[in-house]
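Asks: Given chain A, work out where chain B should sit, using these hints.
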Amino acid sequence: AQTVTQSQPEMSVQEAETVTLSCTYDTSESDYYLFWYKQPPSRQMILVIRQEAYKQQNATENRFSVNFQKAAKSFSLKISDSQLGDAAMYFCAYRSAGRDDKIIFGKGTRLHILP
Amino acid sequence: DGGITQSPKYLFRKEGQNVTLSCEQNLNHDAMYWYRQDPGQGLRLIYYSQIVNDFQKGDIAEGYSVSREKKESFPLTVTSAQKNPTAFYLCASTKDRGVWDAYGYTFGSGTRLTVV
Numbered sequence: 528a529q530t531v532t533q534s535q536p537e538m539s540v541q542e543a544e545t546v547t548l549s550c551t552y553d554t555s556e557s558d559y560y561l562f563w564y565k566q567p568p569s570r571q572m573i574l575v576i577r578q579e580a581y582k583q584q585n586a587t588e589n590r591f592s593v594n595f596q597k598a599a600k601s602f603s604l605k606i607s608d609s610q611l612g613d614a615a616m617y618f619c620a621y622r623s624a625g626r627d628d629k630i631i632f633g634k635g636t637r638l639h640i641l642p
Numbered sequence: 058d059g060g061i062t063q064s065p066k067y068l069f070r071k072e073g074q075n076v077t078l079s080c081e082q083n084l085n086h087d088a089m090y091w092y093r094q095d096p097g098q099g100l101r102l103i104y105y106s107q108i109v110n111d112f113q114k115g116d117i118a119e120g121y122s123v124s125r126e127k128k129e130s131f132p133l134t135v136t137s138a139q140k141n142p143t144a145f146y147l148c149a150s151t152k153d154r155g156v157w158d159a160y161g162y163t164f165g166s167g168t169r170l171t172v173v
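Chains as they are written, first to last, in our numbering: chain A, 528 to 642; chain B, 58 to 173.
Derived from the structure by calculation, the hints contain no laboratory data.
Treat the hints with care, as some may be off.
Calculated cross-link-like contacts (lysine-lysine; reagent style DSS-like; alpha-carbon spacing at most 27 Å) [what the hints assert, rightly or not]: (1) B/K152 / A/K597; (2) B/K71 / A/K629; (3) B/K114 / A/K634; (4) A/K582 / B/K152; (5) A/K634 / B/K152; (6) A/K629 / B/K114; (7) A/K629 / B/K128.
Every value quoted in this text rests on a predicted model; they were computed, and no experiment measured them.
Only chain A is shown next, with the shape it has when bound in the complex (with noise of 0.2 Å):
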């Protein structure tokens, strides 16, 4: 079965400031989906940004990014440029690419914006 390691439960960064939150996964599949989820106190999740596993190049969104490292099970996200409202419970998670749609989440970080 695969599984989602967040390993950093809590993080802060200093507004304007980069960080970067871990996450690693073990699948025995080739071809799978990676996602990270903002919770914010609001408790609405948004997707933030999300990469196949077939493209080789990092998938980036404004100022977020990943950096997807396929051989390492490694799927971290970089947030530059600390916002307040960047604060949040972050989620990464797997989907399968295969019939199977379920959505496995890691069990979050949580990200505090220092002023």
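Replies: The following block gives chain B in isolation, referenced to the frame of chain A:
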């Protein structure tokens, strides 16, 4: 605008009662999911359904039941057999997808269930 609506936002249950959480989507999504969120536990899958009139157990299905009579609706019943139901419940949906594409989920805004 299309989206997922969960109701109620807050729900209180007495010991021994069954309660039903509503989840409705107007996105024409095929698959729907229920997750439970506890502090420090992330999101754990309760049940999911990929087509009408069919659903599968997730990792923590004991004490819960679901139905999928309509594509738009996937209600979750928390039964009296669920010993620790106090949690935040999230409903999600996704399009069916082809082999070379994938979508993340669209989430509802959640229901906070508390046992009193």
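Asks: Evaluate each hint against the coordinates.
Replies: Here's how the hints hold up against the structure:
no. : hint            : in the structure
1   : B/K152 / A/K597 : 26 Å, holds
2   : B/K71 / A/K629  : 32 Å, violated
3   : B/K114 / A/K634 : 20 Å, holds
4   : A/K582 / B/K152 : 21 Å, holds
5   : A/K634 / B/K152 : 25 Å, holds
6   : A/K629 / B/K114 : 11 Å, holds
7   : A/K629 / B/K128 : 18 Å, holds
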